[in-house]
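What follows is the residue order along each chain.
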Amino acid sequence: MADHPSILCENLTYSYPGAESPALSEVSFEARSGEYIGVVGPNGGGKSTLVRTLNGLLKPESGEVRVFGLDPATEPFEVRKRVGMLFQNPDNGLVSPFVEDDVAFGLENLGVEREEMRGRVHAAMLSVGLEGFERRETHTLSGGEKQRVALAGLLAVEPDLLVLDEPTSMLDAAGRREVLERLDHFRGKKTILHATHHLEELFEADRILVLKDGELAADIPPERLFSDGDLMRENRLVPPTLLRLAEALGVPPRRTADELAAEILKRVRARSSG
Amino acid sequence: MGRGIGQFYPGMSPLHALDPRAKILASVGLVAALFLVGSFHGFLLVAVVVLSLLIVSRVPAAAFLRFLKPVSFIVALTFLFQALFSREGNILFEWGWLSVYEGGVSNGAFLAARILLLVLSAALLTATTPPVALTDGIEDLLSPLKKLRFPSHEVAMMMTIALRFIPTLDEEAQKIMRAQAARGAEFSEGGLIKRVKAIIPILVPLTVGAFCRADELADAMESRGYRGGEGRTRYRELKFRLRDGVALLFVVLVAVGGAVL
Numbered sequence: 001m002a003d004h005p006s007i008l009c010e011n012l013t014y015s016y017p018g019a020e021s022p023a024l025s026e027v028s029f030e031a032r033s034g035e036y037i038g039v040v041g042p043n044g045g046g047k048s049t050l051v052r053t054l055n056g057l058l059k060p061e062s063g064e065v066r067v068f069g070l071d072p073a074t075e076p077f078e079v080r081k082r083v084g085m086l087f088q089n090p091d092n093g094l095v096s097p098f099v100e101d102d103v104a105f106g107l108e109n110l111g112v113e114r115e116e117m118r119g120r121v122h123a124a125m126l127s128v129g130l131e132g133f134e135r136r137e138t139h140t141l142s143g144g145e146k147q148r149v150a151l152a153g154l155l156a157v158e159p160d161l162l163v164l165d166e167p168t169s170m171l172d173a174a175g176r177r178e179v180l181e182r183l184d185h186f187r188g189k190k191t192i193l194h195a196t197h198h199l200e201e202l203f204e205a206d207r208i209l210v211l212k213d214g215e216l217a218a219d220i221p222p223e224r225l226f227s228d229g230d231l232m233r234e235n236r237l238v239p240p241t242l243l244r245l246a247e248a249l250g251v252p253p254r255r256t257a258d259e260l261a262a263e264i265l266k267r268v269r270a271r272s273s274g
Numbered sequence: 001m002g003r004g005i006g007q008f009y010p011g012m013s014p015l016h017a018l019d020p021r022a023k024i025l026a027s028v029g030l031v032a033a034l035f036l037v038g039s040f041h042g043f044l045l046v047a048v049v050v051l052s053l054l055i056v057s058r059v060p061a062a063a064f065l066r067f068l069k070p071v072s073f074i075v076a077l078t079f080l081f082q083a084l085f086s087r088e089g090n091i092l093f094e095w096g097w098l099s100v101y102e103g104g105v106s107n108g109a110f111l112a113a114r115i116l117l118l119v120l121s122a123a124l125l126t127a128t129t130p131p132v133a134l135t136d137g138i139e140d141l142l143s144p145l146k147k148l149r150f151p152s153h154e155v156a157m158m159m160t161i162a163l164r165f166i167p168t169l170d171e172e173a174q175k176i177m178r179a180q181a182a183r184g185a186e187f188s189e190g191g192l193i194k195r196v197k198a199i200i201p202i203l204v205p206l207t208v209g210a211f212c213r214a215d216e217l218a219d220a221m222e223s224r225g226y227r228g229g230e231g232r233t234r235y236r237e238l239k240f241r242l243r244d245g246v247a248l249l250f251v252v253l254v255a256v257g258g259a260v261l
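Protein chains in written order, with this note's numbering: chain A, 1 to 274; chain B, 1 to 261.
Hints may be right or wrong, so weigh each one.
Which bits of chain A does chain B cover? Going by a derived footprint, with three or more residues having C-beta under 8 Å, they are [what the hints assert, rightly or not]:
1) 74–85
2) 88–94
3) 101–107
4) 113–125
Quick caveat, the hints were computed from the structure, so don't treat them as lab data.
Even for Gly, the Cβ is constructed at its ideal location relative to N, Cα and C.
Using the sequences plus the hints, can you model the full thing?
So this is what it looks like as structure tokens:
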């Protein structure tokens, strides 16, 4: 198993029934163990379709998908044991009325024994900072908390690959930060495929896949994508605010607001003392 | 939906502590008893037991009254029909063409009390049992029917999902209503037909939304390895203890006693 890449897509093509053009067309890429890969592109570009082929929710029309060497189309259950998927709207992904029952849902499906299940549910709740929420009703939680419950549900299963389909798009700013901070803990420890519209979420990604009209327009490191104005414009991508600000001020790009502030301050001081 | 899902009142009473399966069976026993009893004494026995259990449950009386509210109209109607149209026993009083008989009044009171006690017996179960435990209990009790290909797991899962989505859909309905109201729709004014007509523009988007949610939920469930009840374990443990057996035996004896008396 260890020899297989986490994800291997070769000429992956998929069309929705009745659609004129394919949602994914000849997409090929590979994700190695522990890699953090971003997926961006305009709506309808194929991000969600790609994500759904990775655990057998959609079966490719042609081409190949392998996840840890397994074919999700023929062995979906085996693949789902190792792939945790986080969707856009946590409201539609939580199954149980109570938090801890929902976290346990995936483990119940896998047939894990009750004693082990208790320990894993507890550990997963801790890892997303939701200790004490066990008996809460899911519908009383905030968007960020709901998404963290969904994340705990995935983590309890101890997947090797996390597939995130715009997990912050329906959250407010605080909820987004909560979820991203939790996800950050798993960078380098698990393979992560993160589809999003917010490029600033992908500063730390190893690579970014740009999907447009179902085709893989680029597979490049974030700094190269952010600095390629034409590629950004062609794919209707908006550069992160920090980068736009740095560019407008004529200072080198920085990844955090603190770093950028320090850089600006340094220049202001240098100018005033000079 | 301020109070949450279902009609459960959290508590520490002996009834709350019982296994849900025992409580479901006991409720069925009480309901059966209420149907079987014919005599006044038998009815009195079952009534006293149901009322005592209400006290034991330590659920506030106001909560039980809320359970009774929706049936109050049917209860009143049943009593009135019996009292006005039954012609048994002596005449109690006459007023023009209307004559009320003793038997009618007692029959009416008996039927009304029976309906009230039936609802209270069911309320005892739902008020003292968390919804998830209730669905687990139902799944367990229905599991012998699996041999007859009855989808007991699926029925329980459907109930769980329904419980989970009642507050979500309620919230969505409120949102749609506010959006419609902002555009001038009236929901609380006008006659019955006007009000029903006003509900249609809410039901259409609500139904469409529910189908979209169902799609997404199915994806999420599948991606979390759900494939039906086969090979599945359960997080919550149901333990049928001695006290559950004793409680069930007690209710069975009451039911039999009620029927025999």
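Status of the hints after comparison with the structure:
no.	hint	verdict
1	74–85	holds (count 6)
2	88–94	holds (count 5)
3	101–107	holds (count 5)
4	113–125	holds (count 5)
Violated hints are absent here; each numbered hint is respected by the structure.
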